[in-house]
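Undergrad: Quick note on numbering: this note's numbering labels position 222 of the sequence shown as 222, and the sequence is numbered without any gaps.
These are calculated hints, taken from the structure and not from any lab test. Accuracy of the hints is not assured; some may be wrong.
What the hints assert, rightly or not - Cβ-Cβ distance ranges computed for the label pairs, FRET-style:
(1) Gly203 x Gln273: 22 to 30 Å
(2) Gln321 x Glu184: 39 to 47 Å
(3) Arg286 x Met52: 21 to 29 Å
(4) Lys11 x Ala146: 23 to 31 Å
(5) Asp350 x Asp287: 35 to 43 Å
(6) Asp290 x Thr327: 26 to 34 Å
(7) Glu381 x Ala253: 22 to 30 Å
Glycine included, each C-beta is placed from N, C-alpha and C at the ideal position.
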Amino acid sequence: MAFSERVSRLKSSLIREILAAAQRPEVMSFAGGLPAEAMLPKVEWAAMPVSMGQYGMSEGEPALREALAAQARSLGLACEASQVLVVSGSQQTLDLAAKLHIDVGTQVMLEAPTYLAALQIFQLFGADCITVPLEADGPDLKQLRARLEQYRPAFIYLIPTFQNPSAVRYSEAKRDAVAALLDEFGVTLVEDEPYRELTFDGGSATPIVSRLKKASWIYTGTVSKTLLPGLRVGYLIASPDLFPHLLRLKQSADLHTNRIGQWQALQWIGTEQYQSHLSELRDFYRDRRDRFQAALQTHFSDIAHWNVPQGGLFFWLTLKQPLDTRTLLDAALAADVAFMPGEPFFPEPDKHPGHLRLNFSHIDPARLDEGLKRLAGVVREALAVKAA
(Lines of atoms letter the chains of each structure in order from A and count residues from 1; the text may use other names and numbers.)
(Lines give C-alpha, C1' and ligand atoms only; values in the text may rest on other atoms or scores of the structure.)
Protein backbone atom coordinates (compact mmCIF):
# COMPACT_ATOMS: atom_id res chain seq x y z
CA MET A 1 0.00 0.00 0.00
CA ALA A 2 1.21 3.53 -0.77
CA PHE A 3 1.16 4.77 2.81
CA SER A 4 3.19 7.69 4.08
CA GLU A 5 6.43 7.11 5.95
CA ARG A 6 4.66 8.50 9.04
CA VAL A 7 2.27 5.55 9.22
CA SER A 8 5.15 3.30 10.28
CA ARG A 9 5.20 5.25 13.58
CA LEU A 10 1.45 5.15 14.12
CA LYS A 11 0.50 3.51 17.40
CA SER A 12 -2.91 2.52 18.64
CA SER A 13 -4.17 4.19 21.79
CA LEU A 14 -3.97 1.75 24.69
CA ILE A 15 -6.49 3.72 26.70
CA ARG A 16 -9.01 3.56 23.83
CA GLU A 17 -8.46 -0.19 23.54
CA ILE A 18 -9.00 -0.62 27.28
CA LEU A 19 -12.16 1.48 27.21
CA ALA A 20 -13.48 -0.61 24.33
CA ALA A 21 -12.74 -3.81 26.26
CA ALA A 22 -14.42 -2.39 29.36
CA GLN A 23 -17.78 -1.71 27.71
CA ARG A 24 -19.39 -4.68 29.41
CA PRO A 25 -21.72 -3.29 32.11
CA GLU A 26 -20.26 -5.59 34.77
CA VAL A 27 -16.76 -4.08 34.37
CA MET A 28 -15.76 -1.56 37.03
CA SER A 29 -13.54 0.89 35.19
CA PHE A 30 -10.87 3.20 36.60
CA ALA A 31 -9.28 3.54 33.17
CA GLY A 32 -10.57 6.61 31.33
CA GLY A 33 -10.71 10.25 32.36
CA LEU A 34 -14.47 10.38 31.95
CA PRO A 35 -16.61 12.98 33.72
CA ALA A 36 -19.48 11.64 35.82
CA GLU A 37 -22.71 11.48 33.83
CA ALA A 38 -24.57 12.88 36.84
CA MET A 39 -22.61 16.12 36.48
CA LEU A 40 -23.08 16.66 32.75
CA PRO A 41 -25.21 19.82 32.64
CA LYS A 42 -28.58 19.93 30.95
CA VAL A 43 -28.40 22.06 27.85
CA GLU A 44 -31.03 23.96 25.88
CA TRP A 45 -31.06 24.30 22.12
CA ALA A 46 -34.30 26.11 21.35
CA ALA A 47 -32.73 29.58 21.17
CA MET A 48 -29.90 28.56 18.85
CA PRO A 49 -29.95 30.65 15.65
CA VAL A 50 -30.52 28.73 12.43
CA SER A 51 -27.35 30.38 11.11
CA MET A 52 -25.30 28.13 13.41
CA GLY A 53 -25.95 25.33 10.90
CA GLN A 54 -23.97 27.20 8.24
CA TYR A 55 -20.21 27.26 7.64
CA GLY A 56 -18.32 29.50 10.05
CA MET A 57 -15.01 31.24 10.64
CA SER A 58 -11.87 29.15 11.04
CA GLU A 59 -10.89 31.25 14.07
CA GLY A 60 -14.14 30.44 15.87
CA GLU A 61 -17.26 32.36 16.79
CA PRO A 62 -16.30 36.00 17.54
CA ALA A 63 -18.36 36.18 20.75
CA LEU A 64 -16.85 32.96 22.07
CA ARG A 65 -13.34 34.16 21.29
CA GLU A 66 -14.05 37.36 23.23
CA ALA A 67 -15.39 35.37 26.19
CA LEU A 68 -12.38 33.04 26.19
CA ALA A 69 -9.96 35.96 26.00
CA ALA A 70 -11.71 37.63 28.94
CA GLN A 71 -11.51 34.39 30.93
CA ALA A 72 -7.78 34.12 30.16
CA ARG A 73 -7.15 37.73 31.20
CA SER A 74 -8.82 36.98 34.54
CA LEU A 75 -6.13 34.31 35.02
CA GLY A 76 -3.38 36.85 34.40
CA LEU A 77 -2.74 36.08 30.75
CA ALA A 78 -2.38 39.29 28.71
CA CYS A 79 -4.14 38.52 25.44
CA GLU A 80 -6.75 39.70 22.97
CA ALA A 81 -9.53 37.80 21.21
CA SER A 82 -7.43 38.01 18.03
CA GLN A 83 -5.02 35.52 19.66
CA VAL A 84 -7.78 32.94 20.38
CA LEU A 85 -8.41 29.99 18.07
CA VAL A 86 -11.37 27.70 18.83
CA VAL A 87 -10.38 24.10 18.18
CA SER A 88 -12.02 20.67 18.12
CA GLY A 89 -11.10 19.82 21.69
CA SER A 90 -7.69 20.77 23.10
CA GLN A 91 -6.41 17.55 21.54
CA GLN A 92 -6.43 19.43 18.22
CA THR A 93 -4.09 22.03 19.70
CA LEU A 94 -1.48 19.33 20.20
CA ASP A 95 -1.91 18.14 16.62
CA LEU A 96 -1.52 21.69 15.29
CA ALA A 97 1.53 22.34 17.48
CA ALA A 98 3.10 19.11 16.23
CA LYS A 99 2.44 20.04 12.61
CA LEU A 100 3.92 23.47 13.19
CA HIS A 101 7.15 22.35 14.85
CA ILE A 102 7.98 18.68 14.32
CA ASP A 103 9.91 16.99 11.54
CA VAL A 104 11.50 13.57 11.88
CA GLY A 105 14.17 13.90 14.55
CA THR A 106 12.93 17.21 15.98
CA GLN A 107 13.65 17.38 19.70
CA VAL A 108 10.73 18.18 22.01
CA MET A 109 10.75 18.21 25.79
CA LEU A 110 8.12 16.62 28.03
CA GLU A 111 7.42 15.85 31.65
CA ALA A 112 7.97 12.26 32.76
CA PRO A 113 5.31 10.95 32.97
CA THR A 114 3.24 12.91 30.45
CA TYR A 115 -0.17 12.87 28.76
CA LEU A 116 -0.42 9.68 26.73
CA ALA A 117 -2.17 11.15 23.67
CA ALA A 118 0.33 14.02 23.42
CA LEU A 119 3.15 11.50 23.37
CA GLN A 120 1.30 9.54 20.70
CA ILE A 121 0.94 12.65 18.48
CA PHE A 122 4.51 13.88 18.89
CA GLN A 123 5.99 10.45 18.17
CA LEU A 124 3.74 10.06 15.12
CA PHE A 125 5.36 13.14 13.59
CA GLY A 126 8.80 11.73 14.39
CA ALA A 127 9.79 13.72 17.46
CA ASP A 128 12.76 12.80 19.62
CA CYS A 129 11.10 13.06 23.04
CA ILE A 130 13.37 14.30 25.83
CA THR A 131 11.95 14.07 29.34
CA VAL A 132 12.32 15.91 32.63
CA PRO A 133 11.27 14.06 35.82
CA LEU A 134 8.48 15.47 37.94
CA GLU A 135 8.76 16.15 41.66
CA ALA A 136 5.85 16.77 44.02
CA ASP A 137 5.67 20.46 43.09
CA GLY A 138 6.78 20.44 39.46
CA PRO A 139 9.78 19.52 37.30
CA ASP A 140 13.26 18.86 38.66
CA LEU A 141 14.78 22.28 37.90
CA LYS A 142 18.37 21.09 37.98
CA GLN A 143 17.64 18.45 35.37
CA LEU A 144 15.50 20.87 33.34
CA ARG A 145 18.42 23.31 33.09
CA ALA A 146 20.82 20.52 32.22
CA ARG A 147 18.60 19.28 29.41
CA LEU A 148 18.05 22.78 28.04
CA GLU A 149 21.81 23.26 27.99
CA GLN A 150 22.35 19.92 26.27
CA TYR A 151 19.46 20.01 23.77
CA ARG A 152 17.62 22.63 21.75
CA PRO A 153 13.99 21.47 21.79
CA ALA A 154 11.50 23.01 19.39
CA PHE A 155 9.13 23.34 22.33
CA ILE A 156 8.43 22.04 25.80
CA TYR A 157 5.01 20.57 26.58
CA LEU A 158 3.82 21.00 30.18
CA ILE A 159 0.61 20.32 32.14
CA PRO A 160 1.27 22.37 35.29
CA THR A 161 -2.14 22.18 36.98
CA PHE A 162 -3.25 18.71 38.15
CA GLN A 163 -1.07 16.99 35.61
CA ASN A 164 -2.31 13.96 33.71
CA PRO A 165 -1.39 11.32 34.85
CA SER A 166 0.45 12.33 38.04
CA ALA A 167 -2.00 14.99 39.40
CA VAL A 168 1.02 17.20 40.26
CA ARG A 169 0.30 20.92 40.60
CA TYR A 170 3.32 23.15 40.08
CA SER A 171 4.16 25.53 42.91
CA GLU A 172 4.41 29.28 42.31
CA ALA A 173 8.17 29.05 42.70
CA LYS A 174 8.45 26.29 40.11
CA ARG A 175 6.26 28.21 37.67
CA ASP A 176 8.46 31.29 37.99
CA ALA A 177 11.62 29.21 37.60
CA VAL A 178 10.34 27.35 34.53
CA ALA A 179 9.32 30.62 32.85
CA ALA A 180 12.74 32.14 33.57
CA LEU A 181 14.53 29.13 32.09
CA LEU A 182 12.40 29.13 28.94
CA ASP A 183 13.06 32.83 28.47
CA GLU A 184 16.77 32.29 29.02
CA PHE A 185 17.02 29.50 26.44
CA GLY A 186 14.38 30.83 24.05
CA VAL A 187 12.24 27.68 24.10
CA THR A 188 8.57 27.78 23.09
CA LEU A 189 6.08 26.62 25.74
CA VAL A 190 2.96 24.59 24.98
CA GLU A 191 0.94 24.77 28.21
CA ASP A 192 -2.04 22.42 28.55
CA GLU A 193 -4.61 23.12 31.29
CA PRO A 194 -7.69 20.92 30.92
CA TYR A 195 -8.10 20.44 34.70
CA ARG A 196 -7.50 23.98 36.01
CA GLU A 197 -11.12 24.48 37.12
CA LEU A 198 -11.26 21.17 39.00
CA THR A 199 -9.52 22.36 42.16
CA PHE A 200 -10.60 20.91 45.51
CA ASP A 201 -8.64 23.10 47.93
CA GLY A 202 -9.35 26.49 46.39
CA GLY A 203 -5.74 26.82 45.30
CA SER A 204 -4.91 28.50 42.04
CA ALA A 205 -1.91 29.88 40.20
CA THR A 206 -1.45 31.98 37.10
CA PRO A 207 -0.40 30.09 33.97
CA ILE A 208 3.28 29.81 33.17
CA VAL A 209 2.74 31.56 29.82
CA SER A 210 1.64 34.68 31.71
CA ARG A 211 5.10 34.80 33.33
CA LEU A 212 7.09 34.63 30.08
CA LYS A 213 8.87 37.75 28.91
CA LYS A 214 10.58 36.56 25.70
CA ALA A 215 9.68 33.00 24.74
CA SER A 216 6.88 32.13 22.32
CA TRP A 217 3.92 30.21 23.68
CA ILE A 218 0.69 28.32 23.12
CA TYR A 219 -1.87 27.99 25.92
CA THR A 220 -4.70 25.48 25.55
CA GLY A 221 -7.86 24.53 27.42
CA THR A 222 -11.19 22.81 26.91
CA VAL A 223 -14.79 22.57 28.12
CA SER A 224 -14.63 18.76 28.02
CA LYS A 225 -13.95 18.38 31.75
CA THR A 226 -16.34 21.10 32.95
CA LEU A 227 -19.27 20.97 30.51
CA LEU A 228 -19.71 18.26 27.88
CA PRO A 229 -16.87 16.34 26.23
CA GLY A 230 -19.25 15.54 23.38
CA LEU A 231 -19.26 19.19 22.33
CA ARG A 232 -15.60 18.80 21.23
CA VAL A 233 -14.89 22.47 21.93
CA GLY A 234 -11.48 23.58 23.09
CA TYR A 235 -9.33 26.62 22.48
CA LEU A 236 -5.78 27.75 22.09
CA ILE A 237 -4.32 31.17 22.75
CA ALA A 238 -0.96 31.85 21.15
CA SER A 239 1.73 34.49 21.07
CA PRO A 240 1.33 36.74 18.00
CA ASP A 241 4.32 35.20 16.17
CA LEU A 242 2.72 31.73 16.24
CA PHE A 243 -0.98 32.46 15.82
CA PRO A 244 -1.10 33.04 12.01
CA HIS A 245 0.64 29.73 11.34
CA LEU A 246 -1.69 27.83 13.67
CA LEU A 247 -4.71 29.41 12.01
CA ARG A 248 -3.57 28.31 8.55
CA LEU A 249 -2.93 24.81 9.85
CA LYS A 250 -6.45 24.77 11.30
CA GLN A 251 -7.87 25.86 7.94
CA SER A 252 -6.13 22.98 6.24
CA ALA A 253 -7.41 20.48 8.82
CA ASP A 254 -11.15 21.01 9.19
CA LEU A 255 -12.16 24.54 8.05
CA HIS A 256 -13.74 25.36 11.41
CA THR A 257 -14.82 23.84 14.72
CA ASN A 258 -18.39 22.61 15.25
CA ARG A 259 -20.48 25.81 15.42
CA ILE A 260 -23.32 24.14 17.31
CA GLY A 261 -20.92 23.12 20.07
CA GLN A 262 -19.40 26.60 20.09
CA TRP A 263 -22.84 28.17 20.53
CA GLN A 264 -23.58 25.91 23.46
CA ALA A 265 -20.23 26.67 25.10
CA LEU A 266 -20.93 30.39 24.72
CA GLN A 267 -24.13 30.01 26.76
CA TRP A 268 -21.94 29.06 29.74
CA ILE A 269 -18.47 30.66 29.56
CA GLY A 270 -18.26 33.73 31.79
CA THR A 271 -21.77 33.42 33.25
CA GLU A 272 -22.97 33.11 36.85
CA GLN A 273 -24.62 29.86 35.82
CA TYR A 274 -21.21 28.50 34.83
CA GLN A 275 -19.60 29.56 38.12
CA SER A 276 -22.41 27.86 40.05
CA HIS A 277 -21.96 24.70 37.97
CA LEU A 278 -18.20 24.72 38.63
CA SER A 279 -18.79 25.03 42.36
CA GLU A 280 -21.12 22.03 42.32
CA LEU A 281 -18.66 20.11 40.17
CA ARG A 282 -15.80 20.71 42.59
CA ASP A 283 -17.88 19.60 45.57
CA PHE A 284 -19.03 16.47 43.75
CA TYR A 285 -15.54 15.43 42.64
CA ARG A 286 -13.98 16.32 45.99
CA ASP A 287 -16.36 13.87 47.63
CA ARG A 288 -15.50 11.18 45.07
CA ARG A 289 -11.79 11.87 45.60
CA ASP A 290 -12.19 11.46 49.36
CA ARG A 291 -14.10 8.18 49.01
CA PHE A 292 -11.49 6.89 46.59
CA GLN A 293 -8.68 7.82 48.96
CA ALA A 294 -10.36 5.93 51.80
CA ALA A 295 -10.81 2.81 49.64
CA LEU A 296 -7.23 3.00 48.41
CA GLN A 297 -6.01 3.20 51.98
CA THR A 298 -7.94 0.01 52.74
CA HIS A 299 -6.82 -2.02 49.75
CA PHE A 300 -3.52 -0.61 48.45
CA SER A 301 -1.60 0.88 51.38
CA ASP A 302 0.61 -2.20 51.76
CA ILE A 303 1.55 -2.48 48.07
CA ALA A 304 1.67 1.10 46.71
CA HIS A 305 2.15 4.71 47.63
CA TRP A 306 0.56 7.85 46.20
CA ASN A 307 -0.17 11.51 46.85
CA VAL A 308 -3.74 12.67 47.37
CA PRO A 309 -4.62 14.85 44.35
CA GLN A 310 -5.74 18.40 45.11
CA GLY A 311 -7.62 18.55 41.82
CA GLY A 312 -8.16 16.85 38.48
CA LEU A 313 -9.54 13.36 37.93
CA PHE A 314 -6.75 10.89 38.74
CA PHE A 315 -4.72 9.11 41.38
CA TRP A 316 -1.18 8.06 40.36
CA LEU A 317 0.00 4.97 42.21
CA THR A 318 3.57 3.71 42.43
CA LEU A 319 4.00 0.08 43.42
CA LYS A 320 6.44 -0.60 46.24
CA GLN A 321 7.67 -3.64 44.31
CA PRO A 322 7.78 -2.60 40.62
CA LEU A 323 6.39 -4.78 37.87
CA ASP A 324 5.16 -4.10 34.36
CA THR A 325 1.53 -3.18 35.00
CA ARG A 326 0.64 -3.77 31.35
CA THR A 327 0.91 -7.47 32.13
CA LEU A 328 -1.98 -7.12 34.59
CA LEU A 329 -4.57 -5.98 32.07
CA ASP A 330 -5.91 -9.39 31.02
CA ALA A 331 -6.22 -10.60 34.62
CA ALA A 332 -7.90 -7.36 35.65
CA LEU A 333 -10.45 -7.52 32.84
CA ALA A 334 -11.09 -11.17 33.68
CA ALA A 335 -11.93 -9.93 37.18
CA ASP A 336 -14.27 -7.33 35.65
CA VAL A 337 -12.09 -4.35 36.53
CA ALA A 338 -10.20 -1.95 34.24
CA PHE A 339 -7.34 0.45 34.91
CA MET A 340 -4.68 2.34 32.98
CA PRO A 341 -1.10 1.01 33.21
CA GLY A 342 1.50 3.67 33.89
CA GLU A 343 4.25 2.58 31.50
CA PRO A 344 2.76 4.12 28.30
CA PHE A 345 2.91 7.59 29.88
CA PHE A 346 6.68 7.54 29.33
CA PRO A 347 8.49 7.75 25.94
CA GLU A 348 10.49 4.66 26.95
CA PRO A 349 7.82 2.61 28.73
CA ASP A 350 9.97 -0.44 29.45
CA LYS A 351 12.27 1.69 31.64
CA HIS A 352 9.45 2.87 33.92
CA PRO A 353 7.57 -0.12 35.38
CA GLY A 354 5.32 -0.05 38.38
CA HIS A 355 2.75 2.74 38.04
CA LEU A 356 -1.04 2.78 37.71
CA ARG A 357 -3.31 5.69 36.79
CA LEU A 358 -6.73 5.38 38.39
CA ASN A 359 -9.68 7.62 37.58
CA PHE A 360 -11.94 8.51 40.51
CA SER A 361 -14.56 10.69 38.81
CA HIS A 362 -16.61 8.18 36.86
CA ILE A 363 -17.16 4.99 38.82
CA ASP A 364 -20.31 4.62 40.91
CA PRO A 365 -19.24 4.96 44.58
CA ALA A 366 -21.38 1.91 45.37
CA ARG A 367 -19.00 -0.21 43.25
CA LEU A 368 -15.80 1.56 44.24
CA ASP A 369 -14.71 -0.59 47.17
CA GLU A 370 -15.31 -3.88 45.36
CA GLY A 371 -13.52 -2.63 42.24
CA LEU A 372 -10.38 -1.56 44.11
CA LYS A 373 -10.45 -4.75 46.16
CA ARG A 374 -10.42 -6.85 42.98
CA LEU A 375 -7.70 -4.72 41.37
CA ALA A 376 -5.52 -4.97 44.46
CA GLY A 377 -6.01 -8.74 44.39
CA VAL A 378 -4.78 -8.87 40.79
CA VAL A 379 -1.69 -6.86 41.73
CA ARG A 380 -0.95 -8.99 44.79
CA GLU A 381 -1.24 -12.20 42.80
CA ALA A 382 1.21 -10.89 40.18
CA LEU A 383 3.64 -9.77 42.86
CA ALA A 384 3.46 -13.20 44.50
CA VAL A 385 4.20 -14.91 41.17
CA LYS A 386 7.13 -12.59 40.56
CA ALA A 387 8.54 -13.25 44.01
CA ALA A 388 8.21 -17.04 43.71
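Undergrad: Next, verify each hint and record whether it holds.
TA: Against the structure, the hints come out as follows:
no.	hint	result
1	Gly203 x Gln273: 22 to 30 Å	24 Å, holds
2	Gln321 x Glu184: 39 to 47 Å	41 Å, holds
3	Arg286 x Met52: 21 to 29 Å	35 Å, violated
4	Lys11 x Ala146: 23 to 31 Å	29 Å, holds
5	Asp350 x Asp287: 35 to 43 Å	38 Å, holds
6	Asp290 x Thr327: 26 to 34 Å	31 Å, holds
7	Glu381 x Ala253: 22 to 30 Å	46 Å, violated
Comparing the model with each numbered hint stated earlier shows that hints 3 and 7 do not hold.
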